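Start from chain A and add chains B, C and D with the ligands according to the hints.
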Amino acid sequence: MAHRLEMREMTKKYGDFTANDKVSITLGAGEVHAIVGENGAGKTTLMRMLYGMEQPTSGEIVLNGKPVAFRGPNDAIQHGIGMVHQHFMLFGEFSVAENIVIGYEPRKSGFFLRKDAAAKVRELSKQYRIPVNPQALVANCSIGEQQRVEILKVLYQGADIIVLDEPTAVLTPLEVKDLLQTIRNLAESGKSVILITHKLQEVMEVADRITVLRGGKVTGSVAKDQTNVDDLARLMVGRELQQLSERLPLDGKPLLQVENLTVRDKQSLLDQVSFTVHHGEIVGIAGVSGNGQSELLQAISGLRNIQDGTIRLSGVDVTNQSVAKVRETGLSHIPEDRYLWGTAKQESVEENALMGYQRKPAYYRRGVILRDAFRRVVQEWVNRFAIKTGSKQLNEQAGNLSGGNLQKLIVARELGHETPFLMAAEPTRGVDIGAMEYIHQALIEKRNSGDGILLVSSELSEIMALSDRILVMYKGRIAGELSRAEATEEKISVLMAGGSVHGSSQRAV
Amino acid sequence: AGGGNAPADNGQASGQAPAEQKEEPAVKKRIALVLPEKIGVNPFFQQMDDGAKKAAEELGAELKTIESTDYGAIEENLRVAVAEQYDLIITSSFESEDALKKVAAENPDRNFAIIDTVIDLPNVRSVTFREQEAAYLMGAAAGLATKTNKVGMVVAMDIPLLKKWTGGFSEGLKATNPNAEFIVNYVGSFTDPAKAKELALLQASQGADFINGAAAVGDLGVFEAAKEKGFYTAGQDVDRTVIDPEHIVLSQLKGTDAAAYETVKSFVEGTFQPGVVTYGLKEKGVGVTYITHDSATPLHAFIGQEVVDKVKAINEEIVAGTRKVPESF
Amino acid sequence: MEWLDWSLVSSTIRMVTPILLAALGGALCSRVGIFNVGLEGLVLVGAFAAIVGNHFTGSLFLAVLFAAAASVLFSLLFSYMTIGLKANEIVVGVAINFLALGLTTFALRAVFDVKGAFYDKDMAGLPRLEIPLIHDIPVLGEIVSGHSPLVYLAFLASILLYIFFYRTVTGFRVLAVGMNPVAARSLGLKTTRLQVMAILLCGVLCGVAGAQLSLGQVTMFTEGMTAGRGFIALVAMMMGQSHPLGILASSLLFGFMDALSIRLQGFSLPTQFTSMLPYVLTIVAMFFLKDKNGGASSNQQSAR
Amino acid sequence: MVAVKELCKSLVQPLLAVIIGLLTGALVIAAVGESIIGTYQEMWKGAFGNFYFFSSTLARATPIMLIALGLALAFRAGVFNLGAEGQMVLGAISATLVAIYLPAPGIVKILAALVTGIVAGGLWSLMAGYMEAKFRIPLLISTLLLNYIAVLFASYLVSDPFQDKSGSAALAQTVMLEKGAWLPKLFAGMSVHSGFIIAIVAALLLFWVIRFTPFGYEVKMLGHNPFFAQYGGIHRIKVMLTGMFASGAFAGLAGTVEVLGAHYRFVDGALTVPNFAWTGLMATLLANSNPIGVIFTSILLAAFQTGAMGVERNTEVPLELASVIQAVLILFISARFSYSWWKQRKKKGGESHGVA
Ligand SMILES: Nc1ncnc2c1ncn2[C@@H]1O[C@H](COP(=O)(O)OP(=O)(O)OP(=O)(O)O)[C@@H](O)[C@H]1O
Ligand SMILES: Nc1ncnc2c1ncn2[C@@H]1O[C@H](COP(=O)(O)OP(=O)(O)OP(=O)(O)O)[C@@H](O)[C@H]1O
Ligand SMILES: [Mg+2]
Ligand SMILES: [Mg+2]
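Keeping their order, the protein sequence lines are chains A, B, C and D. In this text, residue positions in the first sequence follow the working numbering: the first is 1, and each later residue adds one. In this text, residue positions in the second sequence follow the working numbering: the first is 1, and each later residue adds one. In this text, residue positions in the third sequence follow the working numbering: the first is 1, and each later residue adds one. In this text, residue positions in the fourth sequence follow the working numbering: the first is 1, and each later residue adds one.
So here's chain A without its partners, still in its complex pose:
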């Protein structure tokens, strides 16, 4: 079979830094090709070159036997290449149909035929079995639906090669299942798919071929049936994965006490939520995203006012206090959206790391921030978490870090506060398995040292691996609570879908 796409010896340099070093891959029609690798291995960079968003320093792209050069995404699209970006490229105030047809709008003498657009989208949606509501505003769509919009857009543009960059990182388990099914459907109908992901389980489920990148180089390219998760992990990380530390049995005093927490904004978002996190305990909150987790995080951290209820941290009433006050009382917080809440992209790594430390006595004297002392600390974090900062080191723009490395930076910053209580939302979203292991280890250690952690994650495996106790949220309420011992993926899933589980111990508060 002739290859539909060949990328030969692709190299990309940013200044002195080589992000891709003679990377070659091939892709056949109807093939699902997974690309895996550590954070910063160069996966996204490779795809950006394929999509014409970056010009390769050297290398060649051969499409259907003919060498091509793309000057921009437009060229790539014309050649049947479509890309669903790690961060969606959508227009929130436009409808689903408008977002899909943009650039190739059905038109009549200059007028935009919106009805035709909706009809075409409906048709496309049926053809590929990707359900969307053409009329809905994208801003009101769930993440999963937004992603389907992205995929439909690419299909609408006539792509034969579809690149998906970490498509599952932001999806709920159910949505992941649907997506993987969609990918299979697409492959069956003759499309080629390049899938970038950190979740090896998914890779094994859906890919035909797998290429592993490390440090910008290909370390292996294998067919699925000739490998397994552990081999892949070793290829990726370059070492064996370790087991998590043992969890010490602890019976701590209450640390965070939430009572009857109620948040309304036109409609009810949180309804009488009560729970407690103890010292030496990780409480996991599972749930399909959009069921009040975000509001809960914001309410506890002081970013959002609550209408009713109380929040006590280390015995101090922090209800409706400022973020600064809550943090002072003992909160650190890994935010759910690293780009929105967690960083200032144009600023340097160092400035991003400084957030929250600028008034701490250790780094602040006589009105001035003690930069040198602080820089040493950040350097230590970078070393400890193996954060790849690029050529400018701590002066590198945070926005230039790969997604996973940025996440590691945020985790390091928040752990560095050494507060008794940590709120960790999706702490490993988009990070590679090596780093995930490291972050999980760090969380367990924090727990073992007697601190309390509230873990919010849409990743069931993560919740199950880390939590001492699991709360499931559904429609702004705590739908059920399971102890570590009694929790199974099945039980949690039922609760997440709004069902009820017998025998769930109602140890509220």
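Treat the hints loosely; a few may be bogus.
Claimed, not checked - Computed cross-link-like contacts, DSS-like style, restricted to lysine-lysine with a CA-CA straight-line distance of at most 27 Å:
{"id": "1", "chain 1": "D", "residue 1": "K220", "chain 2": "A", "residue 2": "K388"}
{"id": "2", "chain 1": "B", "residue 1": "K101", "chain 2": "D", "residue 2": "K179"}
{"id": "3", "chain 1": "A", "residue 1": "K345", "chain 2": "C", "residue 2": "K121"}
{"id": "4", "chain 1": "B", "residue 1": "K64", "chain 2": "B", "residue 2": "K101"}
To be verified - One-sided and incomplete, this derived list gives chain C residues near chain A with beta-carbon spacing under 7 Å:
{"id": "5", "residue": "F172"}
{"id": "6", "residue": "M179"}
{"id": "7", "residue": "A183"}
{"id": "8", "residue": "L187"}
Calculated directly from the structure, the hints in this document are not laboratory data. Values in this document were obtained by computation on a predicted structure and should not be read as measured data. Built from N, CA and C at the ideal position, the CB exists for glycine as well.
Only chains B, C and D with the ligands this time, still in chain A's reference frame:
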């Protein structure tokens, strides 16, 4: 530049004209006219420049006109004029008062003149106008001429300076026609003929048949409104009736050009004296067309000879001092 | 109702026209993510060019065209500086205002050999259109009929612009560029071209606004005759959240408040206070519009 | 080595810009048949020709610089304040009234006036900030509108209740301050006054605050990503309001020193006609909101103005043309000319409208 001329200048300032006249033909007198703003929307400064230029040309002096971009630039320009050894430095207007006070006091051996306001310093000649007297005549004429008993005025801005115009006019109007209604509107800008026109149109719609323009360049808008709606109007400073004699029936005059001319002339001829010179109706430094000065256009029937005669009588009373026009309002 | 008669309403409509046109132009720019503070200058250039065009061609149609062309030329400069040379758009806007004032003043002297103002009483202004049937209806006729064609054009322009944004493909793409430039670029939309097009169209509207000022409302040119209308247009644009109909409403609102302040001049209140009124009332009006704020202005907040 | 290279790179852009601006200006001058060299010479002389002219340039730069510094802080916090004019005027009138009517010795008057000017400008600006925080009235609109209100209000104060009724009473202005309340001139007979020193100190102070203090850090982060700042415990509203207050305070101070150091009374229009506010805004933007950069851009913009005045005084080039040249220069110094610009020029044609 050296200060070698200073003693000679000093002598000249104290009025020893004959001695100095002898050496003069060799060196042209150098005169600077420092204007407090740009020559532009305000015809007043154009006139002053013209008058000074005319005198300089006729009498063989060198004249340099310096326009100031803003308030802060006036003092700077005066200082530079001093530094560049101009023999006489003329400036104008209230805006220049502070600057000239400072500069003239610091340079007691130099000659200065200021037009349109008074500065009481031994080396400054002040030339002022009593515009309110002319405005009074204008108001008197309007009061006599109006058929609707409604008279309007479109004024550039509500600032003290322009009260001489509105106040004088209103007094004159009251004097001849106590029942007349006086409508005043302010444009809020010196450079907005479009709004001035709309204001005039509004006043016309309220029944005014005579609308006096005192809106600087906005007057042109008032004239245009008059042409459209057929009411009568008047302009400022120079004889505006020539623009549209059908509708512009009067003009309030101000002899800035003459003041500048006279100042330059007296200096070149050596009769320049510090002190205050004021121009009013009596000195014919201000006036109104047909009443105190002739006009290039024939008298319009709306005003009519009868009104002109009555206002002429009022003029004479003011000149004679039997009728008093307030100094300020 | 003595102090709010119908001629005042009709006057308001005329007075508001240049502001409305310029604000619509500003909206086009703001919709592609460019905050254009050069409106004042663009209108001024248009006003001058209209008079020059009329003077030399004697054709009002050509005069308006000339006005539009001159403002477009300035817009071209604006777009080249901001997009081509990546200059700060606010600096360029302010400089354009300075440049327009200086050039028109200079050209006034160079072309007509006058300072301050050019007025020719024989020059014909734009005709007043008397709309056949409506003209005879008492109140409505007075308000609606008898304006210069550009007045009707301005109102039409806001509707056309609405259709452009929300019905045509190009308008749709313009909105996309302003909403999310990164995404628009990644889709291969010709962002630069769309931006330049919007800026040039803004030039056309500002040029027409100038023509209405110098040939519609009066028939003359005077230095700085825009007298701050460009900045009011900027406010109207922001208040109307760059939505054509919103701008129509906010311009009219401002116009009526201005008219009201004129009427209050007769009373004993100092003029400074009556002049303040439109601005104060506009701020008060913002209190009631507060729920819908954000959209257009939030991306301008970070203009830096 | 790297630092030198960086420095050269950062200098290339403004230099190129000035050169291109001068060339364009030359075209304009040539078009009206004046001597290019002669005109530029006069321009240079008017701005920097001798110590007297240099000091005038510095005097003119003073209010521009102070306004620009205030705006720099606001912009860094991501707050767009277009209300410097109103804040300056209101600060100036309040300060003037205090300096006139406070029964106290001169130095106390000066200090009280400075404080009043700062507070009045700051509060006026704060009001806009408050309306944004509390009622979500966009700053861009409210600050622009508040300008008109402040200017008209000050005009009312000096044309009626506090007008100088002595003499002709023809101008809307307050009475003259007594000599003791004047800010001293730095050199006798020169226009630059101690307000310039205040401005320079303020610039250094602001630089220090932004660079080294937690507050400066917080302002910066708020400007880059308000969500991140809030998440990190920075009180968004508090910093925004502080930024607004400070920027208004600087503008108020600008008006105050201009009155106390140059005019010695509040004259209606004397602060608005020279366009200090817009010029200050440009100075900030050109300096990329860097306080040290602001010192230079303010002096540069002031030099354009004093230079244009020199051209007006000493050449036949009309004043209008001088202002055209000034505008052209400003236009071009804002452009980002760079190596890449040249490169882009060269390969133009091939690459037309790809991805920018
Ligand atoms: N514009 C840029 N300038 C400088 N360095 C860059 C730039 N873009 C990416 N890099 C660097 O190139 C490397 C590869 O980045 P890339 O985004 O391709 O990683 P990735 O494999 O997609 O990682 P992740 O799994 O975290 O998304 C990273 O170290 C990153 O810091
Ligand atoms: N519905 C569609 N599905 C797939 N490809 C399409 C579709 N519509 C258009 N295209 C292709 O996309 C390309 C550009 O489409 P189109 O003609 O709509 O662009 P355009 O509107 O001319 O772009 P611009 O106006 O920006 O120049 C063409 O090659 C066309 O074949
Ligand atoms: Mg990536
Ligand atoms: Mg990633």
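Structure-based check of each hint:
Under the criterion of a C-alpha separation no larger than 27 Å, the hint pairing K220 (chain D) with K388 (chain A) is consistent with the structure, at around 25 Å. Restraint check for K101 (chain B) and K179 (chain D): satisfied, since their Cα atoms lie roughly 14 Å apart, inside the 27 Å limit. Annotation: proposed proximity of K345 (chain A) to K121 (chain C) is violated, straight-line Cα distance about 62 Å (limit 27 Å). Restraint check: the Cα-Cα separation between K64 (chain B) and K101 (chain B) comes to about 21 Å, which is no more than 27 Å; the hinted pair holds.
At about 5 Å, the closest approach between the beta carbon of F172 (chain C) and any beta carbon in chain A falls short of 7 Å, and the interface hint on this residue holds. For M179 (chain C), the shortest C-beta to C-beta distance to chain A is roughly 5 Å, which falls under 7 Å, so the interface hint holds. For A183 (chain C), the shortest C-beta to C-beta distance to chain A is roughly 4 Å, which falls under 7 Å, so the interface hint holds. The beta carbon of L187 (chain C) is positioned within 7 Å of a beta carbon in chain A (closest approach about 5 Å), and the interface hint is therefore held.
Checked against the numbered hints above, the structure breaks only hint 3 and satisfies the rest.
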